[in-house]
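Enquirer: Sequence:
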Amino acid sequence: MVSSTLVTVADDAELRLVRYLGETAPSHMLGPNFIQETQGYIVQGDAVGLVKTIVNDAGAIASLLTTPNADEAISAFSLLAALLDRVGEADPNEEAMLSQSLQNAVVSLDCSGSGTSTPENVLAKRRILLLSSLYNLRPDGPEKCKLVTSMITLAAAHQPAMLAEGKGLGKLLTEDDSGNSSVGDGVPQIVTLLNGWNVPSSDRRELFRAAASGIPDSVARKQRFTLLLVESYTEASQVDEAGINAAKEAAIGAIRDPITLFVHQRTMLTMPATQALANNAATKTLHALLVIFQEGKLEDYNAFLKQNGGDKAVKDLGLDPATSVRYMRILSLCSLAAEHEEIPYGTVAKTLQLDSEKEVESWVIA
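According to my numbering, the sequence shown is numbered sequentially starting from 40.
There could be a bad hint or two in this list.
What the hints assert, rightly or not - Taking lysine-lysine pairs in the DSSO-like style, the calculated list, with each CA pair at most 30 Å apart, reads:
(1) K336 - K389
(2) K323 - K345
(3) K323 - K261
(4) K261 - K351
(5) K354 - K323
(6) K351 - K336
(7) K336 - K261
(8) K164 - K261
(9) K164 - K206
(10) K261 - K210
(11) K354 - K389
(12) K389 - K345
Said to hold, decoys possible - Derived CB-CB ranges, DEER-like:
(13) P255 - L356: 22 to 32 Å
(14) D110 - A275: 43 to 53 Å
(15) Q314 - S151: 38 to 48 Å
(16) A317 - K206: 33 to 43 Å
(17) L356 - E334: 13 to 23 Å
(18) N318 - N95: 45 to 55 Å
No lab work stands behind these hints: they were computed from the structure. Nothing here was measured: the structure is a model prediction, and the numbers come from that model. For each residue, glycine too, the CB sits at the ideal point set by N, CA and C.
Please model the complete structure; the sequences and the hints are all you need to start from.
Expert: What follows is the structure, encoded as structure tokens:
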């Protein structure tokens, strides 16, 4: 086994890197002239040729993914990633392309023919560790965003525990900068980072989509990232089919539970993707119901049911009619409190459509 000092010795570190890759790569996957070609690029001082040859060689990448010693693989990969800076000195555009190619290779290389029996969940963990190393070395914000997206996607498919609250990737998604839960008023750490990196809204969508579909066991957190996804469509002209689908999912989530994320959901009607629901024949009714949950009262909800076939209109959206009525009563009571300093019991009973004023106290206390 080649010593891990290969990445700490300053002189001939690149030679040690290619020798390491050559010795640990599955021989049938490594290019026949890999050592000769890469050593030639090192002698010539051609960082572009060196990195391109390594990135495009399935055996070299398979070595980093399947060799048993994870620490040495990560150290070797870090040296390879650091070489991208030298590529950038010669050609910044080539640096960006090679960095993306390296990310793609780590994410998608098929290692089934490597001769190892590495389980997919173990392989995914190695992929995530390598991407994390690349993330730490790359300065470009949109590039970091793509790397985080890939890590979330891999974790969701094969290492869901890594997305759990309190875990590495999970902290980025579930905690604010103070370490508190971001479900309430807090801003998820990843959003703060994206803002600091000046990542355009459109470049954030795949990350938000991956987070919304990948976060385990938290309806509220899934809804939070679905809302962020919908919010990323800042202009009506940007709203595509994926935007409509995201807005539909967010609208149903906001109706199913209008309370937990009340602060974040109350601006939904101003979002272009949500507004687009009103102009789509398949989602027009959903938009009308969302407007009622955002701005209306129980009488408006009952009028909606009467006009749209009763409880079936709610059930068709996967919603529970009884739960919807309960939430509409709570929202109606909140509206009354905002409109009046003092509310007579009779007004509450009428607005909430209660059978008796005796029931009012239970709703006020609730």
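Enquirer: With reference to the structure, classify each hint as holding or not holding.
Expert: Hint-by-hint comparison with the structure:
no. : hint                    : verdict
1   : K336 - K389             : 11 Å, holds
2   : K323 - K345             : 16 Å, holds
3   : K323 - K261             : 24 Å, holds
4   : K261 - K351             : 26 Å, holds
5   : K354 - K323             : 16 Å, holds
6   : K351 - K336             : 20 Å, holds
7   : K336 - K261             : 27 Å, holds
8   : K164 - K261             : 23 Å, holds
9   : K164 - K206             : 14 Å, holds
10  : K261 - K210             : 14 Å, holds
11  : K354 - K389             : 26 Å, holds
12  : K389 - K345             : 19 Å, holds
13  : P255 - L356: 22 to 32 Å : 24 Å, holds
14  : D110 - A275: 43 to 53 Å : 51 Å, holds
15  : Q314 - S151: 38 to 48 Å : 47 Å, holds
16  : A317 - K206: 33 to 43 Å : 40 Å, holds
17  : L356 - E334: 13 to 23 Å : 18 Å, holds
18  : N318 - N95: 45 to 55 Å  : 47 Å, holds
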